[in-house]
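So you can see what is in the structure, the chains are spelled out below.
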Amino acid sequence: MKRRVFLKGTLASSAVAVAVGAGLLNPRQVLAAWPKSAFEAKSMQEALNGAFGSELTEPTDAIQIKAPDIAENGAVVPVTVSTNLSNPESISILADGNPTPLAANFMLAANTAGSVSTRIKMGKTSNVVAVIKSGGKLYSARKEVKVTIGGCGG
Amino acid sequence: MANSIKIKTSVNGDVCNVKSLIKHVMETGQRKDAKTGKVIPAKFIQELVCTHNGKAVLNANWGTAVSANPYLSFEFRGAKAGDKLVLSWTDNTGESDSAEHTV
Amino acid sequence: MKKMLTMAAAVTLLAGMPLAGQATPEQDLKAFRDFYMKRFPGVPLNEFGNGVYAIDADARSSWEAIEEFPPYDEELEKGKKLFNTPFANGKTYASCFRNGGIGIRQNYPYFDAKSGEVKTLEQEINECRVKNGEKPLPGKRGDIAAISGYMASTSNGKALDIKIPNDPRALAWYEKGKAHFYMKRGQLNMSCANCHQDNAGNRVRSEVLSPALGHPTHFPVHRLSWGNLGTLQRRYGGCNEQVRAKAFADQGPEYRALEYFHTYMSNGIKVNAPSTRK
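Protein chains in written order, with this note's numbering: chain A, 33 to 186; chain B, 4 to 106; chain C, 13 to 290.
Pulled out of the complex, with its shape left as it was, chain A reads as follows:
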């Protein structure tokens, strides 16, 4: 069984992980560097290239995105991405109308389920895009979320 490597320079060794957990080792020193080019990219294509080295994804309905049709408040949009794709390695969440589309990357261990929930900021009506890496391939799905100025003036 191919052991998934997701801590750079180490094979998720217990000692390192414990040290990280105990605050003794700054995660920054252990993990792959924060992908700056991906997070600062201003377009979906650049963000995907920065994160995965490729912008090609295969749309699939094996990825479900749970997000409101209309966001009550664009600063706090609850999003859940789940999939029944086998052995998902990572789940990425992007908002294609944001100035920098990439919001979050989640790297999953072999025993971690293909589902994450978080809350993201959306600057305007656009698509929440989920990109999942599985079997070395990138899959995607999207869902439109409307973000508007509310009528109550608040």
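Please note that the accuracy of each hint is not assured.
Claimed, not checked - Below 25 Å or equal to it, Euclidean Cα-Cα: the simulated SDA-like pairs (lysine to any residue) are: (1) Lys-156(A) x Ala-84(B); (2) Lys-131(C) x Ala-182(C); (3) Lys-156(A) x Ala-182(C); (4) Lys-9(B) x Lys-178(A); (5) Lys-22(B) x Thr-166(C); (6) Lys-26(B) x Gly-239(C); (7) Lys-175(A) x Ala-107(A); (8) Lys-9(B) x Ala-141(A); (9) Lys-41(B) x Glu-89(C); (10) Lys-26(B) x Lys-131(C); (11) Lys-178(A) x Asp-68(C); (12) Lys-35(B) x Arg-153(C); (13) Lys-11(B) x Arg-215(C); (14) Lys-175(A) x Asp-68(C); (15) Lys-90(C) x Glu-30(B); (16) Lys-26(B) x Asp-68(C); (17) Lys-93(C) x Asp-100(B); (18) Lys-92(C) x Val-18(B); (19) Lys-178(A) x Arg-215(C).
Read the hints as simulated data drawn from the structure, not as lab findings.
We have chain A already, so just place chains B and C on it with the hints.
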């Protein structure tokens, strides 16, 4: 420390559901201070690691688009009551925090 | 005068009685409930405590996702800590309230016969502070909202039970609050009822207007747009300003009267505070 991280877990069989709420401003660096007109510098969590009995189960990279006081929820297999979960984060200014939770 | 006619017409609509007569609070309450139950058939009375989430499925699923780990969690904990922290003189808030302040929110506001005033929970929290040599807490957010939020949470599951005793002074407060609810104000010339009764369930731009029935059950509330907990009167002020009217004084007679009427109209609906709203 650990006062910025709250963790709730529930176990069903050997699947552990983890919910966490982290107190962090997640400042984008795009906003201006209303009074001074100066840009409020970006301060946001960039990396998180969650370990289960010392073994990493989730590793995340975040950008400024994650909401302030971020919420995170995920599930993993192979857990039982009494197991130890540790969640740690580091932000772009080098600040970090870590919390332990017994499943 | 047009204004008087509008108010009288509203009273008639509510009470179903001749123009000259005046309905009792009990009759008003029944008519108020009937209006909303008819407008939103199939929604059980208690669900109105969930506001728009009782009538908008999309918003509800978003709200439920947020309530899994609500953003007010920390303020609620802070409120509990503040409530239990003694004053400089060694006494605590518990000494000022019935049942030590636990499980009493459902009876606020109430008419105090001795002073002739309607009292709100936030008001009595501050009176307790002053009585014990502390400065009152300012306004409608921060510590006062946290403490009120904690105290309200100890009443979760209890039905609101506001009493309007058979005392002409209490009735006058009630009628004053009712008049406020139905009176148009501000540059936009709108009353509370225009949005939250006549147009409950309709949209104003992208917002669904919440029914007034059930409003006070979940205050103090964490509004996502505020980013923190706020009192009911904080929202009164905000709403008044949004129709371009000048807000009344916080905890002044106008808003206390309104809160008295407004909360009484939600009698029977369970407290579920704090909660998150947009």
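Structure-based check of all given hints:
no., hint, verdict
1, Lys-156(A) x Ala-84(B), "violated (43 Å)"
2, Lys-131(C) x Ala-182(C), "holds (11 Å)"
3, Lys-156(A) x Ala-182(C), "violated (49 Å)"
4, Lys-9(B) x Lys-178(A), "violated (30 Å)"
5, Lys-22(B) x Thr-166(C), "holds (24 Å)"
6, Lys-26(B) x Gly-239(C), "holds (12 Å)"
7, Lys-175(A) x Ala-107(A), "holds (17 Å)"
8, Lys-9(B) x Ala-141(A), "holds (22 Å)"
9, Lys-41(B) x Glu-89(C), "violated (34 Å)"
10, Lys-26(B) x Lys-131(C), "violated (35 Å)"
11, Lys-178(A) x Asp-68(C), "holds (15 Å)"
12, Lys-35(B) x Arg-153(C), "holds (23 Å)"
13, Lys-11(B) x Arg-215(C), "violated (37 Å)"
14, Lys-175(A) x Asp-68(C), "holds (19 Å)"
15, Lys-90(C) x Glu-30(B), "holds (23 Å)"
16, Lys-26(B) x Asp-68(C), "violated (30 Å)"
17, Lys-93(C) x Asp-100(B), "holds (23 Å)"
18, Lys-92(C) x Val-18(B), "violated (33 Å)"
19, Lys-178(A) x Arg-215(C), "holds (15 Å)"
Against the hints set out earlier in the document, violations occur for numbers 1, 3, 4, 9, 10, 13, 16, 18.
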